[in-house]
Amino acid sequence: MLQYSLRRLLIGAGMLLALSMLIFVMLRLTPGDPIDAYIDPNVPMSPSDLVELRDTLGLDAPLPVQYLAWLQQAVMGNLGYSIKRPDQPVLSLVFSRIGPTVLLMGSAIVISIIAGIASGMISAVRRNSVVDLSFSLFAVTGISSPPFLSALVGLYLFSVYFDWLPSGGMLTPGRDFSIADLLHHLILPAALLAVAQTALIMRYMRSSMLEVLNQDYVRTARAKGVYEFWVITKHALRNALLPVVTLIGSTIGLAIGGAIFIESVFNWPGMGLLMVDAVENRDYPVIMGSTLVIGACVIFVNILTDLAYAVIDPRIKVG
Amino acid sequence: MNAMSKISSAIAIAAMMATTAMPMLTAPAQAATLSGGFDVGPGGFQGNFNPLAATSGFTWLSVYFEPLVTYDEKLQKVVGLLASSYEVSADQLTYTFKLADAKWHDGKPFTAKDAKFTMGLAQNAKTGSVLAARLTAVSSVEAVDHKTLVIKLSAPSSSLMDTLTKVMMLPEHALSQIAPDQLAKNTWWSTTPIGTGPFKFTRYVTDQYVEMAANSDYRGGKPALEKVINRYFANPAAAIAALRAGEIQFTYVDSNDLGAFKNNKDFRIIEGDSFVVNYLGFNHDSPIWKDARVRQAVMYAINRDAIIQSLYGGAAKTANCAYVSEQVVPKNIEPYAYNPEKAKQLLKEAGWDQINGNKPITLLTYYTTPLAANVMAAVQAMLGQAGINVTPRAVDTPTYNSIVLNPTPDTSQFQMVYAGLQNGPDAGSINVGLNEKQIPPAGPNVARVRMPDLTKALDAALGETDAAKRDARYQEVCKVMNKDLPWGTLWVANRYGVASAKLKDFVWTPAPGGGPYQAHPEKWSIAE
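Chains L and P, in that order, are what the protein sequence lines are.
Be aware that the first sequence starts at 240, since it is given in this note's numbering, and climbs by one per residue.
Be aware that the second sequence starts at 6, since it is given in this note's numbering, and climbs by one per residue.
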């Protein structure tokens, strides 16, 4: 197991290296560099005003030299400074954003799991009822609405029209930190991020539940006089959950994609907002740094998952 | 009622309770605190705290930093701010500033030594200063005594005062220990900056907001507000949502988003000149625009009045050269009134069929707003009717700059641009976009305008030391532009901000780069 883990870690490091090279080359192929992003075409300013800045950033050096210089520092744990925010090191900028993104995504996933499973279950039990039709309508709408649309509609309804929830940000400006304030700001973006995933889970849960409810053992349980509530929650639910659990794992990627839109609309200070801003400003160090950190997280989680399989299912051998 | 019904009901009741509880969670507004989207829109620069590196964002920076001189509220003349008065010698080579009795936010006095130190930083490109190239005419800066600063020039410069409005004074005692090339990276800017302005920096919550508290020792009197907060927004639409929800009291607003605020007594719309002339830049490296009749045809083919009325709601002035201000636009210049027949005739005379015919011409722009997309579509349709087939292409600013500022560009990628350039308050601002000496990489003359008469007129205007004759010089620039058409000039549009009706004595104007100008933040107040 140890040997396997080490081998996987080494492969992971190699993948990170390849990822960093790929991102580095792709960034340089993108039209425009940080200096181009700095110049506002509306004001009288030219690249000649920024010669010194270009020198400082080392943008004139050949690409392999630039990459090796970056890699050398990255290995030492120094991801450089943001170009747009030169007084902020990339590493601290990235780490300060992971927490808000994890909080937003985690909350959305929890909401979608609870709401999706509950509504799917109710729909299946109340098949063809008004409740079932309403939930199904929600599911179709939820699945077919792109995150930016549901985010804007939600923002208009709950912040502007009803004036129930804040329109953006993570905390009320000028006020000391409080959990209640954080939750107040979190509800809307997390709920909107959860919409698509809830809809998907609901649909899977409904069909899985319907299938299970027709199984012989459910009929047997009913015949034995078990209360309907226990038939559903104890006998049917457990078996119906299996395909849904698999689905939940595979839709986390959907939440990451959605988080980028939601963070932009709600000004949620997470990785998505940071990366969108960095790309718009061609902030190379921030793009490289955040991609590397996300890549490292994904690779690490994959390794853990593989190891967990081996622990959970003895039939799977590693090494 | 069976078990499932109970669960359904419980969920429904919980949802209803949560919904009813939501308004109770909404935070009450804080008294004497003004929150605004001060860095939203074209004049903003979110995340920049360093005035030496600021290409814009001066509206917010001047809440806590101050320059020696600034523009008045109407952006018509330069007036003293940290300089209580100033004199310019007859030969225009010596500028003497008498400094006001001001204190830094830490209580230490502001002196001429601080002003000299700041000028040194601004002139040194190693600090990351974007002002260095504009201060090359400065030969020496002397602190004669605590309250007198003398700036000497090697040659007269008509734009010096305009540049000085952007040089925010910095404290020598706080920054002199930092090496110039490390200054931009120092955390001082976003953690403990001190200025001389009416508000003091208190905190910055990364990419969320910046908070300032009243500077009770401000020489102009204690500010009426206790706090001013600058909220950051990823886009103007998010800021508008916050304004409508009452979370902020001010933001910049695109002209096509004004509808929600018109005839609404809760808000006040602030309108102002953008000081940006929009134009169609003919790429003069492309042979298709060589014949002046073709350029004239473009002007006659576009119904600018119709576009202004239908897309800008009438809030723009037609530009027949780079200017629209009366004092620099001579009488009897060609108005290029919409005349599609004349456009067709001119194209025929020039032999357009042989020059280009119906081949598509790329019209490149960095404007990506819905309004700009509509303008481009209208221009495309109108030019198409005359026989000029343009294909609009909107890209982001870095991409645009990488194409047009490339010293050896691919002409086919931008035979024409739809762009804008600052045309005031200093009329000389347009020089960089039209002077032959400013062709990339030297400057941003992206249309590669090589017109000796125009360059001569611009040089003469910039070198004019007699303020009384300067307008006449710029009239000559306008005249040459109107005749030779280096650009197809379109209009100068108004820009807008929307403030809560509760705000009192709030001064804002859509100045290019956000100013600076005399906004008197110490007088801003908010009704309970």
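It is worth saying that the hints were derived from the structure and are not from the lab.
Quick caveat, the model's predicted, so the values are computed rather than measured.
Virtual Cβ for every residue (Gly too), placed ideally from N, Cα, C.
Among the hints, a few may not be true.
[Said to hold, decoys possible] Derived coverage of chain P by chain L (criterion: at least 3 residues anywhere in the stretch with Cβ under 8 Å from a Cβ of chain L; other residues may be distant):
1) 189 to 195
2) 427 to 437
[What the hints assert, rightly or not] Ranges of calculated distance between the beta carbons of each label pair, as one might list FRET restraints:
3) S164/P to L248/L: 28 to 38 Å
4) A252/L to A378/P: 39 to 49 Å
5) T207/P to L449/L: 35 to 45 Å
6) D96/P to V515/L: 47 to 57 Å
7) S164/P to P270/L: 44 to 54 Å
8) F401/L to R298/P: 58 to 68 Å
9) Y400/L to T374/P: 19 to 29 Å
10) T192/P to F539/L: 54 to 64 Å
11) R365/L to T374/P: 23 to 33 Å
12) N394/P to F401/L: 44 to 54 Å
13) F401/L to A477/P: 57 to 67 Å
Each hint, compared with the structure:
Here's how the stretch 189 to 195 of chain P fares: 7 of its residues keep a CB closer than 8 Å to some CB of chain L, so the rule of at least three is met and the hint holds. As drawn, the stretch 427 to 437 of chain P meets chain L at 5 residues by the rule of a beta-carbon pair under 8 Å; at three or more, the given contact holds. The hinted range of 28 to 38 Å is not satisfied by S164/P and L248/L, whose Cβ atoms lie roughly 60 Å apart. Separation of A252/L from A378/P is about 46 Å and conforms to the stated range, judged on CB atoms against 39 to 49 Å.
Range check, T207/P to L449/L: about 59 Å between beta-carbon atoms, so the 35 to 45 Å window is missed. A C-beta distance of roughly 52 Å is found between D96/P and V515/L, which places it inside the suggested range of 47 to 57 Å. Restraint check, S164/P to P270/L: a C-beta distance of roughly 32 Å breaks the suggested window 44 to 54 Å. For F401/L and R298/P, the Cβ-Cβ distance of about 60 Å falls inside the hinted range of 58 to 68 Å, so the restraint holds.
At about 24 Å, the CB distance of Y400/L to T374/P agrees with the hint of 19 to 29 Å. Restraint check, T192/P to F539/L: a C-beta distance of roughly 30 Å breaks the suggested window 54 to 64 Å. One distance hint, 23 to 33 Å for the beta-carbon pair R365/L and T374/P, is violated here, with the actual separation near 48 Å. A hinted range of 44 to 54 Å holds for the C-beta pair N394/P and F401/L, which are about 49 Å apart.
Under the hint 57 to 67 Å, the C-beta atoms of F401/L and A477/P, about 60 Å apart, fit the expected range.
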